[in-house]
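Enquirer: Put together the whole structure using the sequences plus the hints.
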Amino acid sequence: MKRSAIAVSGLRKAYGDKAVLDGIDFEVTSGSVFSLLGPNGAGKTTTVNILTTLLKADAGTAHVAGHDVASETKEVRSVIGVTGQFAAVDDLLSGRENLRMMADLKRVRSAGRVVSQLLDRFDLEESADKLAATYSGGMRRKLDLAMTLVGKPRILFLDEPTTGLDPRSRRTMWGIVRELVAEGTTIFLTTQYLEEADQLADRIAVLNEGRLVAHGTPAELKRQIPGTHVRLRFTDLQELDAAARVLATSTRDDDELTLRVPSDGASRSLRTLLTRLDEHGLDAAEFSVHTPDLDDVFLALTEHTTTAHAGTAHTTTHATTHTTTEGTINR
Amino acid sequence: MSAVATTLTDSAIMLRRNLKHTLRNPTTVFNAILFPIVMMLLFVKVFGGAFDVGGAAYIDYATPGLLVMAISYGLGATSAAVNSDMSKGIINRLKTMDVSRGAVLNGHVVVTTVRCLVGCAAIIGVAFAMGFDPAASALDWLGVLGLVLLLSFAAAWLTVALGLAAKTPETAGLGTVPLIMLPFLSSAFVPAETMGTGVRQFVEYQPFTPIIETLRGLLLGGLSRGDAIAAVAWCVGIAVLGYVWSVSTFKKRA
Chain B
1 MKRSAIAVSG
11 LRKAYGDKAV
21 LDGIDFEVTS
31 GSVFSLLGPN
41 GAGKTTTVNI
51 LTTLLKADAG
61 TAHVAGHDVA
71 SETKEVRSVI
81 GVTGQFAAVD
91 DLLSGRENLR
101 MMADLKRVRS
111 AGRVVSQLLD
121 RFDLEESADK
131 LAATYSGGMR
141 RKLDLAMTLV
151 GKPRILFLDE
161 PTTGLDPRSR
171 RTMWGIVREL
181 VAEGTTIFLT
191 TQYLEEADQL
201 ADRIAVLNEG
211 RLVAHGTPAE
221 LKRQIPGTHV
231 RLRFTDLQEL
241 DAAARVLATS
251 TRDDDELTLR
261 VPSDGASRSL
271 RTLLTRLDEH
281 GLDAAEFSVH
291 TPDLDDVFLA
301 LTEHTTTAHA
311 GTAHTTTHAT
321 THTTTEGTIN
331 R
Chain W
1 MSAVATTLTD
11 SAIMLRRNLK
21 HTLRNPTTVF
31 NAILFPIVMM
41 LLFVKVFGGA
51 FDVGGAAYID
61 YATPGLLVMA
71 ISYGLGATSA
81 AVNSDMSKGI
91 INRLKTMDVS
101 RGAVLNGHVV
111 VTTVRCLVGC
121 AAIIGVAFAM
131 GFDPAASALD
141 WLGVLGLVLL
151 LSFAAAWLTV
161 ALGLAAKTPE
171 TAGLGTVPLI
181 MLPFLSSAFV
191 PAETMGTGVR
201 QFVEYQPFTP
211 IIETLRGLLL
221 GGLSRGDAIA
231 AVAWCVGIAV
241 LGYVWSVSTF
251 KKRA
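Top line first, the protein sequences correspond to chains B and W.
One point on numbering: in the working numbering, the residue at position 75 of the first sequence is 75, and numbering is uninterrupted.
One point on numbering: in the working numbering, the residue at position 236 of the second sequence is 236, and numbering is uninterrupted.
Don't read these hints as lab results, they were simulated from the structure.
Check the hints yourself; a few may be wrong.
DMTMM-like cross-link-like pairs, simulated, lysine to aspartate or glutamate; straight-line CA separation at most 20 Å [as the list claims (entries may be wrong)]:
hint, chain 1, residue 1, chain 2, residue 2
1, W, K20, B, D91
2, B, K106, W, D227
3, W, K252, W, D98
4, W, K252, B, D129
5, B, K222, B, D202
6, W, K88, B, D91
Quantities reported herein were computed from a predicted structural model and do not represent experimental measurements.
Expert: Pasting the structure below:
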C-alpha cells in the first residue's frame, strides 16, 4: 500500500449560512491522478484552496504529503504546485520573464536552463520574449502550468485546467498531464468534464453541493451508468400501470408517464419487446432507444433532490443520505 | 537563508518585476515624469507672471512645490497596480509558493519611491534650465533629498494601502486623487496669505504646506524650525499609517 499524497477527513467550510463543503473525505495515492468532478458551485475550488493553504477549513483535517495544511503551511507549500482556474501569469512580463521570476522566487539553480527547457517542453519558444498579454488563451494556460512546474513540485493541483480551451489545446493539456504522471507526479485535478476525468484520472470523486456523492475508478463509475434502455411513453396512468405489470424489469416514472426497459438495443430484442406490447394490446405513444453516455451518470448524480424521480436509481435523495464507501456509488 | 535575507531577496525579485512594469507602461512614465514638467512650464511660463509671491523670481518660489507635486504624480500608478495584483491570480500563485508575505508590497513601495525620485530629479533639472537660482549649501541639498525621499516613501505606503483597500483597480486609481489635489491646496504655487479665510486655514494645516515650506527654506534660505519638525512628523505619521493600514488590509485580503 502506497502512502497517501493527500488525505482529507471531515472537511467543512461555510460562508455565512451556506455550507460549501459539508464534510468530505478522500485519499489520493502517491503518484496517481485524482479527479474531483462536479458542476459549478459544487465546492471544487474551495477544496483546492483549502488543500493549497489559501483558505482555512472550518472543521476536519487535510494532509498534503503528510503535512497538516492548517499548521504546516510552509512544508505543504514547498512540495505543491498550483494552477488555478484563471491563468495567474503576469501580463506585462514576457513568457520567459514570467518563468524566470518563478525560478528566482524558488531559488532554482541554473535558472536560465530550467526556463529554456520549460519553454521548449510547452512549445512556447517562439513567443518566449513577447509579453504574456499578447498570448492566446491556450498559450496562457500552458505558460501558467509551466510556471507551476518550475522547481518540480511533487504534488500538483490543477483547478479546471482546460475550462474555456478549444479541443486541440485541451488535448495538448491532457498530453502534458500524462507526461507528468509518467514522471511520478501526484495530480489533483478538478473538472466539470467527465470525459476529462475519464481520460486522465485513476480515481474520480463526484462532488455535488458540498458532498461527495460518488467515488471510484472510472470503470467503477461507468458500471453504475444505467445501461442501454428503451424508453416508452404512454398517454395515461392506466396504460402505464398495465405496461409496468407486463414488463417486470422496467422502471416507471409516473410524472412523465414513461417506462424504462433495460435492453441491449439490438433489433431482435426490440422486436420481442414490441411484440409483447402488442400481445397485451398496449400502445406506447413514444418509443426511443437510449445509449447513455458518461455525462448521464454525472447528471444523475448531481441532480437536485427536488428534480429526482422516484424509482430512479441514481438520485441525490439516496446518495446524500448514505456515507460514501470507497469504490462504490451510493444508491 | 535567514528570514530577513529571504524577504530581501524576494523583495528584490518583485522590485525587478515592478520596474519592468513601469518601464513598459508609457502612461506611467508620462504621468510620473513628463506631466509634472508640463505643469511646471504651465505654472512658471503661463500663470507665474501674474502671481504675486513677494518679489522673488517665480521659478524660485514654485520649484519646492513642484517637487511635491511631482511626488504626488509619481504615486499615481501604484494603487491600481497593487489592487490588480490582489484581484488577479498572481497573488494566489505567490501565496502557494511561500514567497515572503511582505515582498509584493515592498516591491511596490520601492519602485514607487524610485519613480518619485526620478520625477523630482527631472523637475530640478528643468528648473535649472529655466533659471532656478537656489541659495542652498551641500548640506541643504542633502536635507532636500532626505525630505523628498521620506515623503515619497511615506506616500508610497499610503498609496499601497489605498490600493489594497479598494475593491477594483479603477476605484483604486480614484483613491489617490486627493493626493494629487493637495499640492494645489497648499502654498506650492501662491503664498497662503493671499487666499480666502477658509481655504487659508486648510492650507496652513494640511501636511504638504510645512513640507513645501521646509523645502523652500532649505533651497532658498530662511528655514523655519517649526515647519521642519512638522514636515518630518507628517511624513513619519503618513508612513506609519500607510504601513499599518497596508499590512492589516493585506492580511485580510491575502
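Enquirer: Now, for every hint given, state plainly whether the structure supports it.
Expert: Each hint tested on the structure:
At most 20 Å may separate the alpha-carbon atoms for a hinted pair to count; K20/W and D91/B meet this at roughly 11 Å. Pair hint K106/B plus D227/W does not hold up; C-alpha atoms about 47 Å apart against a cutoff of 20 Å. Taking the CA atoms of K252/W and D98/W, the gap is near 17 Å; set against the 20 Å cutoff, the hint holds. For the suggested pair K252/W and D129/B, the alpha carbons sit about 36 Å apart, so the restraint of at most 20 Å is broken.
Pair hint K222/B plus D202/B holds up; C-alpha atoms about 13 Å apart against a cutoff of 20 Å. Distance restraint check for K88/W and D91/B: the Cα-Cα separation of roughly 11 Å lies within the 20 Å cut-off, and the hinted pair is therefore satisfied.
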